[in-house]
Each structure stands twice: as C-alpha cells, then as structure tokens.
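Undergrad: Chain residues, written in single-letter form:
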Amino acid sequence: MAVESKVKKVPEKVSKFLEELRREFKDKILSVKVLTPTRAELKIVRNSHKQIIKWLRNQFAESSYLVTINTVDYIDKEYFELQYEIQLAEDDFKLHLTLKMNIPRANPEVETITDIVPGALLYECENYEMFGVRFVGHPALGKVFLPEEWPDNIYPLRKEIKLIKKIKKVR
Amino acid sequence: MPAISLIVGPQHPALHEAERFLFKVEGETVIDVIPRIGYMHRGIEKLMETKTFIEGLYLAERICGICNVAHTLCFAEAVEQAADVEVPPRAKYLRVIAHELNRLHSHLLLLGVAAELMGFETLFMLFWRDRELVMSLFEELTGNRVISAYVRVGGVTRDISPALVDKMKDKLPKLYKRIERYKKVLSEDPTFTTRTMDVGYISGSKLLALGAVGPTIRGSGVKIDLRYTDPYEAYDEIPFKVITYKEGDSWARYMVRVDECLELINIILYALDHLPQGPICTKVPRTIEGKGEGRVEAPRGEVLHHTIWRGGVTPWRHRVRTPTYANIPGVCEMFKGYHVADIPVILGSIDPCFACTDRTTVMLLDAKSGTRKTMTIGEIKKKYWRR
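If you read the sequences in order, they're chains A and B. Using the numbering used here, the letters of the first sequence correspond one by one to residues 57 to 227. Using the numbering used here, the letters of the second sequence correspond one by one to residues -15 to 371.
Hint data in this document are derived by calculation from the structure and do not stem from the laboratory. Please read all numbers here as calculations on a predicted model, not as lab measurements. No false leads were slipped in.
Below 25 Å or equal to it, Euclidean Cα-Cα: the simulated PhoX-like pairs (lysine-lysine) are:
1. 275(B) / 218(A)
2. 230(B) / 190(B)
3. 275(B) / 133(A)
4. 110(A) / 207(B)
5. 199(A) / 106(A)
6. 275(B) / 215(A)
7. 84(A) / 275(B)
8. 72(A) / 207(B)
9. 275(B) / 156(A)
10. 110(A) / 72(A)
11. 199(A) / 215(A)
12. 275(B) / 99(A)
13. 275(B) / 89(A)
14. 167(B) / 230(B)
15. 69(A) / 225(B)
16. 99(A) / 72(A)
17. 320(B) / 199(A)
18. 65(A) / 76(B)
19. 99(A) / 65(A)
20. 69(A) / 207(B)
21. 275(B) / 65(A)
22. 199(A) / 8(B)
23. 106(A) / 190(B)
24. 167(B) / 207(B)
25. 110(A) / 190(B)
Starting from the given sequences, assemble the full structure and let the hints guide the process.
TA: This is the structure in structure tokens:
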C-alpha cells in the first residue's frame, strides 16, 4: 500500500506521521491520500473510526479537535460514506485529516464517539435526523434542526427524497 | 433547594435571533443547560443540490448576512478546488481585503452590542459610529454595504481603484488609533471589567474536546486560527500575529476581538501595499467532477463548505459547517456555575449567529409519499396572511 499523492513535495513531518499511523493501524487503514501539504484523507475499515480517533486525541490532546461529521449518500452504489474530519494543529505540524468509512445503506449503524469526543453530540444527532445513520451508544439521539412533529423514518437529505416543486432551471 | 427550569427563548437574550435554552437553576446559579436550535432551518443543503455554482454562490451568501464574504469565499474555494482552477494572485489579495473589512465590521458590531448588554450605551454608540466608516469603505469596494456579492467562483467581481486605495490608507490608521483607545477603555473601565472578568471561565483543553473554534478558543489560549493553521488565499504570504489570551473568561474572548481588529488593519494595509497586478477573474468550467473542501476563518470561527461533484452542473452533496454550531456545546459548559444575570454576557462573548447555525426555504412534507415541497414567500402570504 503506497501513499497516493497529488502534491509534489510532501512535508517530512507529514509523511513521517502518516507512516506511524499506518504502522499503528495496519489492517484498519485501506488507503492514504495526501491532497495538499496540510490535508490528507484516509479510507478506513467500518467501525475502526473509534480506535483511530481515540489514538489521535491521545497523541494530540492539547492541539486537536473534531471539525465535523459528514455523510454522503451514494444511492447508486448502495452505501453511505461517513466522513470524520479532524484538525491536528501543533506549532510545527499542521494536518487536516479526513477519515472516510463506508457503511451499507440497508443497515446504517455505527458506534458513537461521544464518550471520547463530547463535541460530537450535535453532529451525530444531525446525521441521524438527516440521513438516518444510527449512532449506537449516543446518550440522546434526537432532533436538532427538524421540528418535533416531523415524521419518523423520513430522512430529508437522502437522495430518494425529492423536492416536489419544480425549481426553474437556468441551464 | 430544588432545581427550577428556566426557559430562555425562543427569543435571544443577547442578540435578536431565535433559539431556546432550557436552564436548570438552583436559586440564582445555573447548574445545567439544554439547547434547542433549528428555529430557522431553511434546508439550504438540500436546495444546494439543485443549483449550479453560479446560483449556489448567492444562496451560500444568504446563509449568514453578517459574515457573507466568509461564506462566499468558502463556497468559491470549495468549487475551485473541485474544478482544479487556480485564482489569479490579484484576486487573492482583493479577497483578503474584502474578507478582513467584513471581519472588522462584524467585530465592531459585536463589541458595540456587548457594551450595550452591560448598559454601557456611550461605548455602544462610539463603536457603531466607527463601524459606519468601515461600512462605507466596504460599499466603495464592493458596491454594497452588507450583502456584497463580491467574491465569484474564479475571482472577484470588481477591481479596486487607486483612489480607494489612497482613501483606505488614509482612513484605516485613524481607525486604528481609535480602536486602541477603546482597548484601553475595555481593559480598565469597571463597567466592563466587573461584568466580564472571571465570568464564564472554561479551559482550553475542555474547549478542544468540545470542538469549539475561532475567538472562543483563542480566548482560552489555544493557538488555532485557520489563516495560520491551514492558510488559504494569500495568507501564507502576509505576516500577521495570531491573537491569544490565556484567561479563558468572557473578558478574554472580547479582548481577542479587539486585538484582532488592530491586527487585521495591519493585514489590510500590507495587502494594499503588496497588491499584485494582473487579471481579477478566471473562467471555471460549468460541469465539474471532483471534490473540494473550502475552509475559511470567518469572524466567529471556522466555516467549512464541503462539496462533491460527480459530473453534471449541480453538486451531488454540499455540506456546510458554521462556527456557532461548533461553539454551542462549549457555551453550554460556560454557563454552569454562574448567575442568571451573566447569561447574556456569556452568550454574547461567543458572538452567536443562529441564522448561520440553522442554515436552512420553508419546506412542507407530504408524509404519504415521503416527499417535500417548498413554498415561496408569496404563497405563504396568500395562504396565511389574512387582513
């Protein structure tokens, strides 16, 4: 498995760190891609996100935070792609890591990370109400943005839900 | 003493926006907070999937009025990355100038509001008088006072005139001196310091775990500023200091903003001096295939636009993460242990913007078929407004 990279010169610290990360989680990381000198994305095995985020938060306890959790609905390929974005920000080492993980559309269940990163509470709720991704172990999985009377089992950002009103298209 | 539930909202205790906080209070002391956001959810992320990037840019601008340059800049950055387009250097510098002027007016607005919250009306008037100067410079640069539509995908819409460069170089140093005077007032005047010092304390490591961003986290001594941690546009060429305060209380969060105002005037003056020559816009192809991630330091913290295009003229998915949304878990921790009277001061110190948070057209849902429809403001008027 080689590091794929669009960038001509990857900074030494970044490549060293990615090597270390791959050694630590040999069978968990599927591929590594460096996008810019300060950004990289990792494809990981399902349900291995918790270990990796825990390890990252322990290594960079005073200089890392969870940026966001994002879901992409690939309806034609029958899976959701979950993206955990983490910023590592030390004085001489800065990296924005995106952990990508595929989960089947039929059974979208993943472990929660709220016990290690309390800041994920709202993001997990949002992904649950918009996409129906269930975070197992979340203390209060409920509505954040949608009204209380919104029907269950309808997740507005999924691709099968269409806007009824035709929006005039300027093409 | 048994705990009482105190509901604040859906009107904002500090600024004029809608959200609700449920405070559990024991006597005068807050012991727990449950936030409820989403009163202004407009479904922008879904709507964005039906828009080309030309339309989407204006929709992105309407996520938040006050930091509109940050949102358009972030949207444009994301689309440019997806399309693999490089912006000309002059456009980069012009974007920096507009972005910083926008930040200056936003900070001055908040500081004025903060002074008003504490009953310091004179300072409120002084801040807003100086904000007017920034607004008129911004109008001359972009053509509009607030919603500017200055950034476009591939560059900017208007060039800066030499006369305006001279005017900015003349006016901004004067503003610098005035803000220095206000800084002295804010750090010495008891009207301000007694209300804010040691109120709403939170440590930096706690805020990192809660994922807070922007001046909120810099007020607790953590050096995270996207202009420095993940430089965009021309920020890797412009020298500037990242402002941090160690105190971690409301006072420190306000002071970060005052110091940032001073620092960003230096950034604008540097950018005006080093403005490169050349074109201000490039062409961007209409159909795009690729992914882009725009990250911008807005006045309130980090804005993130994540866009995924799979061919075609509209994005497959567009994700927006706004700063106040990230700061809500942090501010809920800050309330605990302080008095009810401190609630507006603490909430004001994160500079909340709930239109941003909810980023949401009114949508109606057809429950049987599981589809939804949008209503225009005209339809709502026809249906619900009766004389």
